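Novice: Numbering (this note's numbering), first residue to last: 1 to 354.
Hints may contain errors.
As the list claims (entries may be wrong) - The calculated label-pair distances, taken between Cβ atoms and stated as ranges, are:
| id | residue 1 | residue 2 | range |
| --- | --- | --- | --- |
| 1 | Gly41 | Ser162 | 50 to 56 Å |
| 2 | His107 | Ser213 | 34 to 40 Å |
| 3 | Asp77 | Ser162 | 31 to 37 Å |
| 4 | Gln50 | Pro144 | 51 to 57 Å |
| 5 | Lys230 | Thr338 | 48 to 54 Å |
| 6 | Asn310 | Asp77 | 48 to 54 Å |
| 7 | Ser213 | Arg140 | 49 to 55 Å |
| 8 | Arg185 | Ser162 | 39 to 45 Å |
| 9 | Val109 | Arg151 | 20 to 26 Å |
| 10 | Ala353 | His107 | 33 to 39 Å |
Simulated from the structure, these hints should not be mistaken for laboratory data.
Source: prediction; values computed, not measured.
We treat Cβ as the ideally placed atom computed from N, Cα and C, and that holds for glycine.
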Amino acid sequence: MRIAVKYGALSTAPLVGPDGHAVTESGQATMARRLLELYPGAVVVGNEAQLTPEFEIVTLGSLDPENTLVINLDVLDSVCVFQRLHRGGAEPKIMNFQWINPSTYHHPVNFAALGLSYAFFPTFCSGERTAAEVREIVSRWAIPSLANRARIASSELGIDASRPVSHSDLDEPIVLYPAITMDARKQPGEFFKIVANVARRTPIRVVARLAPSALTTTPALHLATQRWSKVTPLLSSQDDYWTELSRTTAFVATAVEEAYGLQYVEAMRAGAIGILPNRPWAKRLVPDTYPYLYNTTAEAEEMLYEAVTNPQLASDKVDEAVGGGHFTSWIREHHDRTRFDQAFKAKVNEWFAV
């Protein structure tokens, strides 16, 4: 059985850049890359057939629907994919990968389309919170006879726990903006307020590595004008990315909701102190006694100030939250992507015998 990964159809961003390499500067592209690593030889579905150094792109019309499993990250259009592949009478094999919260959509038409998609095609979700939203949409937007046939599973995404990381703080503390976009749900305005107040009290360097589409947004341009900030495109390699994380003192998360929080977990794995909102999505990432969960921006400011002026104290506090061991080891053990990989492949095998 051939595996075809479909993503990017609902975005204006291209799958391939001008240099002929795959564009990886989005959360969806990162998730697609994870699936391609799980299934060597898998192809990517795009508008034009093309061969890149990273993978082969094929068109939907070129697929053999009887012998191909389409794993669709563009869950909203799975019914359309079915209609295209079913034209010759075949029964297409389609699986949804709901990698982001479906609540990011707002229009009733989208929710109705998602309800149909979840009801007809098995759906694997990037965490239990995402799965709960999927079940709610199915219950509300699909008629009972369809809702009852929905097959939904989930696992937390996890990170590459095998990568060696050695943390070292710089003389000037680095504070990370922990996202690649300035979407409203990330609340970049709240982030700015917190770091700006701390920057008035002590020297810090705020770093934001953004996707190209985010670099010219109003929040990004506003942040870039500050003498204490550095707003640049994403780093080109994973090695550079992890090296920068290992030198990051702290980050401040301000998102209202997250399907998982991949970049936060990676930053904490690299030794950065995470200043997190006291919200259910964030509390799932850390131990129950984690000391840096804030309820107000004033609390976040004080926590960040402590982390950048006394990083050793902050490190000791997060170590205490795991019983005196190493917090980074706890992150590695509790967020190992191996569990996700195994759960995903097990469900693909159960649902499609692949």
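Novice: All hints are to be evaluated individually against the structure, with a verdict given for each.
Specialist: Here's how the hints hold up against the structure:
At roughly 23 Å, the beta-carbon separation of glycine 41 and serine 162 lies outside the given 50 to 56 Å, and the hint is violated. At about 21 Å, the CB distance of histidine 107 to serine 213 disagrees with the hint of 34 to 40 Å. Taking 31 to 37 Å as the suggested C-beta distance range, the pair aspartate 77 and serine 162 conforms, at roughly 35 Å. For glutamine 50 and proline 144, the Cβ-Cβ distance of about 43 Å falls outside the hinted range of 51 to 57 Å, so the restraint is violated.
Hint check: lysine 230 to threonine 338, Cβ distance near 34 Å, so the stated range 48 to 54 Å is violated. At about 50 Å, the CB distance of asparagine 310 to aspartate 77 agrees with the hint of 48 to 54 Å. Range check, serine 213 to arginine 140: about 32 Å between beta-carbon atoms, so the 49 to 55 Å window is missed. The supplied range of 39 to 45 Å is broken by arginine 185 and serine 162, whose beta-carbon atoms lie about 31 Å from each other.
With their beta carbons about 24 Å apart, valine 109 and arginine 151 fall inside the hinted range of 20 to 26 Å. Taking 33 to 39 Å as the suggested C-beta distance range, the pair alanine 353 and histidine 107 conforms, at roughly 36 Å.
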